[in-house]
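Colleague: Assemble chain Y onto chain X, guided by the hints.
Going down the list, the protein sequences come from chains X and Y.
Numbering of the first sequence is given in the numbering used here, commencing with residue 1 and proceeding in unit increments.
Numbering of the second sequence is given in the numbering used here, commencing with residue 1 and proceeding in unit increments.
Keep in mind that the hints are not guaranteed to be accurate.
[What the hints assert, rightly or not] Derived EDC-like pairs (lysine to aspartate or glutamate); straight-line CA-CA distance at most 16 Å:
| id | chain 1 | residue 1 | chain 2 | residue 2 |
| --- | --- | --- | --- | --- |
| 1 | X | K41 | Y | E235 |
| 2 | X | K41 | Y | E20 |
| 3 | X | K41 | Y | D193 |
| 4 | X | K41 | Y | E133 |
| 5 | Y | K135 | Y | E20 |
Keep in mind that the hints were calculated from the coordinates and are not lab data.
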Amino acid sequence: MNLKLISIVLGMAAATYITRIGSQVLFASAGMPAWMERWLKHVPTAFLTALIVPSLLMPEGRLDISLGNSYLLAGAVAAFTAYKTRNVLITILIGMTVMIVLNRFMPF
Amino acid sequence: MKHVNLTGGLPKPNAGVWKEAVKDCLPITTGIIPFGLTCGIMGRTAGFSIFGITFMSMTVFAGASQFIAIAMIGSGITGWWTVVFTTFMVNLRHLLMGASLAPYLLKLSKPLQYLLAFGIVDEGYALTMDRIERKGYDPNYQLGISALIYIVWVISTFLGAYFYSVIPNPLEWGIDFALPATFLVLLIPRLADRTSIIICLVSALSAVLGALYLPGKWYIILAATIAAIVGGFMEGGSKDES
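Chain X with its partners taken away, still in its complex shape:
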């Protein structure tokens, strides 16, 4: 691999690490203000939703709310399974099965 690509990769690594350690460095001396802790408490819920919803509603990058969107249908089944079982493996298995059946056997 040439030097140019290596230097880009090292730059990417440094930039990424700064985003990961930034908060620790920022709050190490002064501590975190109370109001901030209050809203950071909600970050996991908001963050998980932000990861899930676009990947189900727009798997190809554009909004697709139709029966042809197998991610959406499998997602709905998986959400129900997750609610009933709270079990990751069962949810993945049922969701993937729906996904494969839809992709293989549905005409649209």
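Modeller: This is chain Y only, laid out in the frame that chain X set:
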């Protein structure tokens, strides 16, 4: 198993915690492997050597930004600042995850903080926060989760790069569905009160709008920030629902 020592370094390794980390991580890895393979394949296609693209996964360890950088380099955009700055912007969401983990991380020794910070990724963060809610924070757990995801990410990148001419694009199998499915199991138990449900709806709407109109992974930062602020205000206004 309530053996948590937050006073300084790593508490004594506890076989129970490691087993727990492996067990929680396994479903997630089925979602990570296809992305790692694809990263290896795309890297080779864009002109990286097997070593080069594996080296990227070892040092950067951030899937989405790697895909974007590879796509840029593959299409001839090889300006150092352009690629590095784009990577920085795509990964800014780590600041948010780091901040939400900071109350726990700041109690640990510096070297351990720096090590755990390197391992912050979407999937590991989600699992760690879930563990905190159920049983409390344990640095061994976070370390175990991060190490496993790291190993799986690096090895699957290497395999994708090594076999890039013989395997078809794994993301076309629909295996990438394993990740949203896992996240659903982590999200749904959180929706137990009115505040959380409203946060979820606000985040869903902002995420879709953001994903439609903003570049890269900005929609995650946008949605998480807006929804968390809304949650903060709602709690400030009503009585505590924790």
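Colleague: Look at each hint and say if it fits the structure.
Modeller: Now for the hints, and whether the structure bears them out:
1. K41/X <-> E235/Y: Given that 16 Å is the threshold and the Cα spacing comes to 11 Å, the pair holds.
2. K41/X <-> E20/Y: violated, 24 Å
3. K41/X <-> D193/Y: It holds: about 14 Å lies between the C-alpha atoms, which stays within 16 Å.
4. K41/X <-> E133/Y: holds, 11 Å
5. K135/Y <-> E20/Y: Holds, because 12 Å separates the two Cα atoms, which is no more than 16 Å.
Comparing the model with each earlier hint shows a violation of hint 2 alone; every other hint is respected.
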